[in-house]
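> Listed below are the residues making up each chain.
Protein chains: 2
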Amino acid sequence: MLNEIGKKAKHAARTLARLTTAQKNAAIHLMADALIADQNAILTANAQDVEAGKANGLSASMVDRLMLNESRLAGIADNLRQVANLPDPVGEIFEEGTLPNGLHVRKQRVPLGVLGVIYEARPNVTVDVAGLALKSGNAVILRGGSETLHSNRALIAALQRALTQSEIPNDVIQFIDSPDRALVLDLLHLKNYVDMIIPRGGAGLHEFCRENSHVPVITGGIGICHLFVDETADLDAALKIIHNAKTQRPSVCNALDTALVHRAVAQEFLPRLVNHLAPAGVTFRAESVAASMLSHESVLPAGEKDFDTEWLSLVLGLKVVDGLDDAMEHIFAHSTAHSDGILTRTDEHAQRFVAEVDSAAVYVNASTRFTDGTELGLGAEVAISTQRLHARGPMALRELTTYKWIIIGQNHVRK
Amino acid sequence: MLNEIGKKAKHAARTLARLTTAQKNAAIHLMADALIADQNAILTANAQDVEAGKANGLSASMVDRLMLNESRLAGIADNLRQVANLPDPVGEIFEEGTLPNGLHVRKQRVPLGVLGVIYEARPNVTVDVAGLALKSGNAVILRGGSETLHSNRALIAALQRALTQSEIPNDVIQFIDSPDRALVLDLLHLKNYVDMIIPRGGAGLHEFCRENSHVPVITGGIGICHLFVDETADLDAALKIIHNAKTQRPSVCNALDTALVHRAVAQEFLPRLVNHLAPAGVTFRAESVAASMLSHESVLPAGEKDFDTEWLSLVLGLKVVDGLDDAMEHIFAHSTAHSDGILTRTDEHAQRFVAEVDSAAVYVNASTRFTDGTELGLGAEVAISTQRLHARGPMALRELTTYKWIIIGQNHVRK
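Chains as they are written, first to last, in my numbering: chain A, 1 to 415; chain B, 1 to 415.
Simulated from the structure, these hints should not be mistaken for laboratory data. Each hint can be trusted.
Since the list gives no way to pick out one identical chain from another, each pair is judged satisfied if it fits inside one copy or across any two copies.
Only pairs whose alpha carbons sit at most 25 Å apart, straight line, appear in this in silico SDA-like list of lysine to any residue:
1) Lys10 x Ala333
2) Lys240 x Thr98
3) Lys8 x Ala182
4) Lys10 x His390
Let the sequences and hints guide you as you build the complete structure.
The following block contains the structure:
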């Protein structure tokens, strides 16, 4: 089954790669229209999924992610229209020049080809990814969570109808319409047809893809994030930044996991921090020195693995460090190289931190929550890469492309 | 054993990433000096490998690749010195700007980290890769063919002595000093320490890496390359270009495998082509229409798999096509997307070919033999990627780097 899907995707990708930006944008607008036109069918299908999810004991937060309503669907359609407004990366010429021998060489940005996207019970991802794939000229094979099968079926029907209206092959957006988990592995083995696998989900899914894929995988989205409060930090600002980084949306990968506090300010700052964050529901895991400075009921001693845990919840690790080097050592040992920052008014420390900490996003005096495609000006986001090849940090349209070399000679032969 | 090597490499990579360009260049010059200083030890070790290789029945061409002598070693040392002269990609700032909210965002090029390079009986690769890795700030774990173990041991001893002199940790350049083939798989599983695997060898090695690696792999180097002789091609020039692409170095991946000839010129051109190339030892595999136009002893009928074969020898496939579209269909079906070209004087055809053929290198009126890092102005080459992620075509220093986002705020929090 997957082989056939792969073959059709590869074939459709060739057509898609040649479409103009205007053709792609028109199709994306029709896709948004189709979602609204199919609202009843989509919401009915989604209600089926939600009911089954509840019956099967999905957590409240999972049910919430799964659930669509009129306004959420309108938001999803609006996101699509925004993708239509983004610049098209395909076709861009760069690094153009003429070699001493007269060969004219340039690089041109082209789509990756076929994307395989594996995700969980989030129907919005189906539409978001379909829009970004189409805009970047890539065919896509979607493999959403089985909890969202009916919703996805209805969404894909709407999207494919828009493709037909646009005279674009339906196979540009395909969906694995089966709850069989073995198909995930089959997708990872489709090396002749799929050019990139993007897992969107927890650490287990990323690990599974990394260990089993025969297709290049973008792993990411796992963030054990740190902020180091330096001796010269503006402590009032540090309270606000840490509050934002921890509490604004604790379930996401760029939320803060550990605050490292310079010994010289720890005695003053740590109790203030706990008092500032505890009312928001934050609890703390403090290493022994930090713990000795705190006597708040929300503070527990840090366990052995706590500094290697991505909390994804209102828990914050606290540690006192001797200074910049000690802070960077801790980050080197425990960070997942997603987003790490320093809060300081010492330029030299900011510069050293930025030079020596090698995370996808390195911050000075800002919340880690900005590691996001839209926040950083990409206009969208398909994943946040924490591996080092191809793209690092937020990925959007351009990161879904590659390039080819175009070499124009006047009957050149190699000497 | 490999876990220890990986850990040491990761640790050394941190030091290496912070070295200045001048420090790295000085070390590379000392490495070149050390090779010359150790010439006797290296050539003695190599003679051992060559003798064992002959005794074990290595082919003459393999023995030739394995063999070092005074002038080859001098050439290898010279290549190192040239790497020292290349610009250092590390540290480059790009895409710098200030967002509407005042966040200052830039990207900075940084080393990938730790490279794992798996190759065969070519001692020059040991030195080439070590030099490119050091210059690009990457630690490297080398796994050369067992046939070249003594040579590599001697080469690595020289290189590491130069590192010690330069006060750079030896672990920056490590070598798996064992012929045990199981260690290749172990290296592919070192996901906590290795950031990129570069296989250098035949299709089997690339396939093995792709299917078994838990670390991102750059596959490539397999080229089924095409030239399409269009109706309006300059046929005299076409003879020279095809002669060059096929015969100048037939054993390499960018050598020509198939000539596609427009029906309108086939009757004239094919016999001329065969007469021009046969004296150089080329034999031909012609599909039936092409074969019907030829009556030369060097022409055999093409077998079923011939157009899917990378010849790596003086064999050339011949096929008559109906025109540009037919040629591109053949290329789509049979190319490995390495290097494909059109020979034409019709601008519109050149433009369509360049737009629609999606190979790592797409040529107009030139030999496919230019797909090479040095030829295309990169100054060096570590691999030719035929996969689509990270880098495509020739890879040199910059392709051994990634980037990080640096985000400077004035106490910014996310709204």
